[in-house]
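Chains as they are written, first to last, in the UniProt record's numbering: chain A, 1 to 381; chain B, 1 to 400; chain C, 1 to 264.
Honestly, the hints are just simulated from the structure, not real lab data. Keep in mind the model is a prediction, meaning the values are calculated, not measured. Misleading hints may appear alongside valid ones.
[As the list claims (entries may be wrong)] For lysine-lysine, the following DSS-like pairs were computed, each having C-alpha atoms within a straight-line distance of at most 30 Å:
1) A:Lys290 to B:Lys102
2) C:Lys175 to A:Lys274
3) C:Lys153 to C:Lys194
4) A:Lys334 to A:Lys85
5) A:Lys274 to B:Lys16
6) C:Lys177 to C:Lys194
7) C:Lys131 to C:Lys175
8) B:Lys102 to A:Lys334
Listed here are the chains, written in short residue letters.
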Amino acid sequence: MSDIPLNTSVAGVPEAAAPRQPPALTTGPAAWLRANLFSSWLNTAMTLVLAYFIVRYAISFVDWAFVNAIWSVPNNQTAACRALKTSPNPGACWAVITEKHRFILFGTYPYEEHWRPAVVCVLFTALYVVSAMRRFWRWELAVVWAVTLVAIGILMWGGVFGLSYVPQERWGGLPITLILATFGLAFAFPLAILVALGRRSSMPAIRVLCIAYVELIRGVPLISLLFMASVMFPLFLPEGINIDKLLRAQVAVILFAGAYLAEVVRGGLQALPKGQYEAAEALGLSYWQKTGFIILPQALRLVIPPLVNTFIGFFKDTSLVLIIGIFDLLTAGKTAVVEPAWQGFGVEVYIAISVIYFVYCFAMSRYSQNLEAELNRHRVR
Amino acid sequence: MSQSAADPRHLRTPPKRQLRLSWADERIRAIVWQVLIVGAVVGIVWWLVRNTQHNLEVRRIATGFGFLQREAGLPIGEHLIEYTPASTYLRALTVGVLNTLKVAVIGIVLATVLGTVIGIARLSKNWLLAKVSAVYVEVIRDVPLLLQLLFWYTILQGLPAPRQALNPVAGVFLSNRGLRLPFLDWEAGHSWALLAFVAGCFATWFYARTMRRRRMQDGQPRPIWPAALGFLIGLPVVAWWLGGAPTGVEWPALRGFNFQGGMTISPEYFALLIGLTTYTAGFIAEIVRAGILAVSQGQWEAAQALGLRPGTVLRQVVLPQALRVIVPPMTSQYLNLTKNSSLAVAIGYQDIVSIANTTLNQTGQAIEGIAIIMLVYLTISLSISLFMNWYNSRIALVER
Amino acid sequence: MSAALDTDTHIASSIRTDAPPAILLDRVNKWYGSMHVLRDVSLQVATGERVVVCGPSGSGKSTMIRCINRLEQHQEGRIVVDGHELADDVRALDAIRREVGMVFQSFNLFPHLTILENCTLAPIWVRRMPKREAEELAMHYLTRVKIPDQALKYPGQLSGGQQQRVAIARALCMKPKIMLFDEPTSALDPEMIKEVLDTMVGLAEDGMTMICVTHEMGFARQVADRVVFMDRGEVVEQGAPEQLFSNPSTERLKTFLSQILRGH
Chain A
1 MSDIPLNTSV AGVPEAAAPR QPPALTTGPA AWLRANLFSS WLNTAMTLVL AYFIVRYAIS
61 FVDWAFVNAI WSVPNNQTAA CRALKTSPNP GACWAVITEK HRFILFGTYP YEEHWRPAVV
121 CVLFTALYVV SAMRRFWRWE LAVVWAVTLV AIGILMWGGV FGLSYVPQER WGGLPITLIL
181 ATFGLAFAFP LAILVALGRR SSMPAIRVLC IAYVELIRGV PLISLLFMAS VMFPLFLPEG
241 INIDKLLRAQ VAVILFAGAY LAEVVRGGLQ ALPKGQYEAA EALGLSYWQK TGFIILPQAL
301 RLVIPPLVNT FIGFFKDTSL VLIIGIFDLL TAGKTAVVEP AWQGFGVEVY IAISVIYFVY
361 CFAMSRYSQN LEAELNRHRV R
Chain B
1 MSQSAADPRH LRTPPKRQLR LSWADERIRA IVWQVLIVGA VVGIVWWLVR NTQHNLEVRR
61 IATGFGFLQR EAGLPIGEHL IEYTPASTYL RALTVGVLNT LKVAVIGIVL ATVLGTVIGI
121 ARLSKNWLLA KVSAVYVEVI RDVPLLLQLL FWYTILQGLP APRQALNPVA GVFLSNRGLR
181 LPFLDWEAGH SWALLAFVAG CFATWFYART MRRRRMQDGQ PRPIWPAALG FLIGLPVVAW
241 WLGGAPTGVE WPALRGFNFQ GGMTISPEYF ALLIGLTTYT AGFIAEIVRA GILAVSQGQW
301 EAAQALGLRP GTVLRQVVLP QALRVIVPPM TSQYLNLTKN SSLAVAIGYQ DIVSIANTTL
361 NQTGQAIEGI AIIMLVYLTI SLSISLFMNW YNSRIALVER
Chain C
1 MSAALDTDTH IASSIRTDAP PAILLDRVNK WYGSMHVLRD VSLQVATGER VVVCGPSGSG
61 KSTMIRCINR LEQHQEGRIV VDGHELADDV RALDAIRREV GMVFQSFNLF PHLTILENCT
121 LAPIWVRRMP KREAEELAMH YLTRVKIPDQ ALKYPGQLSG GQQQRVAIAR ALCMKPKIML
181 FDEPTSALDP EMIKEVLDTM VGLAEDGMTM ICVTHEMGFA RQVADRVVFM DRGEVVEQGA
241 PEQLFSNPST ERLKTFLSQI LRGH
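Excised from the complex, chain A in its bound form (with noise of 0.2 Å):
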């Protein structure tokens, strides 16, 4: 009888007596004030002293960033900004934003072709917009992909539709690290599917060659994959056939991305009931069936949480290739503050590239968390 729901009171009885008021200062606002921030001495202090810190660093930021800032000078003369820098009431020199912010986001692309990278943006947002709305989950969004990307494609390089050609050295800024992530992600996914079936294979020698493969990779830096593209590749085509340094850079980050998203995959087929794998060979299904119609189709669905996670980390990770100098956000940033005219801004040039790559990966982390929440739920009911 412990079942019996039993939500409300005993129904079809009077209401009991007019509810009292609890104690003072056990609600509203002023309760809520002693609750969260001084409900003891030492929670006041701590609050106190929070309270103090935030203000003032606050001011301070305020003052530099905006009241005491500098917006924009005349023809690179950048001597009001340095005066600024040693003042006792510093400000920040927005100036080498407004002059640079065409060159940090498109890198050396001709200037006049600007808007080209700018609508490459706006698509591979749009992309990630449309991809992670869950009525779109279809396959035809694969087809919505590959004409994305292939519009992408033309518009970068031109040389058609009456575009000028733009060789791919001269590209540059934010559509690189775009093009890194999001090419590293459409290939290092399938790349990942097929090693996590792999390390879960009967077969003793697949098994081996994929687990070899995870470890490796996940037990090297990124970095040291990036120089082997940079100074090893080559080595390894034969003589006359070069491939060129974008590319390079973007196999090793295929590579790394596939071995860490492989890890995450892996977690969603373990975590798939044992009688789910039972049940589809039960039909009769073959392997390549019965991963691709059963299991693939409810483990994805499983990690998409963790997989967008790892994509955020992969995301930032695009950043790295400055090491080996191709030309992504970070390194026309930095490019941006070597002229001498503005050499020593690089502060602030990094502030305004840390609050794009926030708002990409925040959304996408919002967004991930949401997502988890809403299966959670689903797994609940």
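Chain A is already provided as a structure; the job is to place chains B and C on it using the hints.
For chains B and C alone, coordinates are given in the frame of chain A:
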């Protein structure tokens, strides 16, 4: 087993399955598949090796590790062991490994402390503290580490020159040449004191164990802190006093354009340490928080209802369970921090990657250089994960 | 619902009216935010008395017994347990928690400790008992709840009914004067309810002072000296089980009983 051996029915083994040479036999299929795939991989590797050999010959690049014994001729600013540009490449690479370990070990300790504090703060009942910690975690995790490193390095480089160095506390100077701290004039007495402290740690551990065992025998609690105080402070002080009670302290002083004396923390090392610590702490905070949340409220209540004091509840009930959830992801954070220390190359701290990179540029032996980097990291990764697996299996939970 | 118990004969009571009450609640009030969850609850439990508390969920019965060992704090009124007034005095609270054992709906065994270690933890760290002695004591109570052979296993290896019996043994190892049961059988499968109830009947036979929140009416009839019916944070009605169940005097209790019986 002995029973079944006596029973002839149990002596039967399953019948051997005949291997039919047919595509319908799944074992044949498996073998064919494996031969095909392994063959393809071997083929590709062989092709790559052939190309590489050919390319090396054409470009007249030497192979082998002979260069390790040659003079390196590269200057290294920070070295834990004796090093001059006249030393060998082997010595230079060893210095690099030690520099990597120096930043990784200290970074792991600091990140663990900072991350734990922030993780607990995020669960605080103080709304402001919880929010501040949450914002920290969110911001620090959503910006690339390399960008953060460059940011810190730029800030440190933007500090005033030594002549106008910031001097927050007497004897401490912060300038664009790094952080200068006063340091002891190291003498035998200090070494003795250090030795005594290490001995004191062991003695305290041993004493605590003995006292616990004795408590288990007669039930009487015994305070450990007086003896611990003696072991950890008294013993080193006595050793220091017996060692001649040296009191010399070397204070940094401005001579010409830079400071002399005292201990230096270079801007490169400082930026790398701050960046790695604050970044990894953001991840560790989330792990700690999840670990604490994983221990249900019911565990606290049950332990309190039994009359256990909060300290005992934490030590005997909550921590052992939380650690179980915390240790595996913490291991991968430690590994990440170690691997991320390779970003040192971007700000000019001479870790193993940076020195191996210079080596391969100087000698042209790319394959050997990269092999060395990978070998070093694989060794470190493997050691950490072996240790953590052992530790994890010790605290694992027995389930049905 | 009495299917779980073999007998309907009432166990002889061991109430000692000469002693001061073991538990005294005097007009206790409690709010969650602005929700009034305990309204002027007054209750006296004599030493050796067995009280069963029932009522619809959300009626405040769990909150009330959790106030008795201060897992929840009341905001108005007095609670006196075994002569100690529950206030902010930490020493009084320690004393009360030593004397009051509690069994939870969800067992709350410590999963990282063996059954034996679960039972010896509090005697060693709170009662300052030598380990060997604590283990003998634990084995004594584990034998009493009929699972001495599981002592070296971990909670995860036991069934729900076994876990709940361990939880009872764990509480008994502190030799409490008073036992609180918070819906001890609600999380159990039907076939395991009986083994736990049998253990509780055995405790009652030995004269333990008990407050038990449960819907097991058979158990209430067999052991309770008094049944307390709560609804919407109030004590609506109380009395001997027979009288209360056969002649409910309030509409609320009548409706509650009919709902429970319909459920069966």
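**Prompt:** Going straight from one Cα to the other, do Lys153 of chain C and Lys194 of chain C come out at no more than 30 Å?
**Reply:** holds (23 Å)
* To do: For the pair supplied as a hint, Lys334 of chain A and Lys85 of chain A, confirm whether the alpha-carbon distance does not exceed 30 Å.
  => holds (19 Å)
Discussion item. For a C-alpha distance cap of 30 Å, please report whether Lys177 of chain C and Lys194 of chain C respect it.
Written reply: holds (24 Å)
Review point. Taking 30 Å as the top limit, are the C-alpha atoms of Lys131 of chain C and Lys175 of chain C close enough?
Key: holds (16 Å)
- Message: Just to be careful, I want the Cα atoms of Lys290 of chain A and Lys102 of chain B compared with a cutoff of 30 Å; is the pair within it?
- Response: violated (50 Å)
Given hint Lys334 of chain A paired with Lys102 of chain B - CA-CA distance at most 30 Å:
Cα-Cα ~28 Å, so holds.
Does the structure keep Lys175 of chain C and Lys274 of chain A at a Cα separation of 30 Å or less?
violated (46 Å)
Has the given pair, Lys274 of chain A with Lys16 of chain B, been kept, meaning a C-alpha gap of at most 30 Å? The given pair, whose Cα atoms are some 28 Å apart, holds under the 30 Å limit.
Going through the hint list in order, the structure does not satisfy hints 1 and 2.
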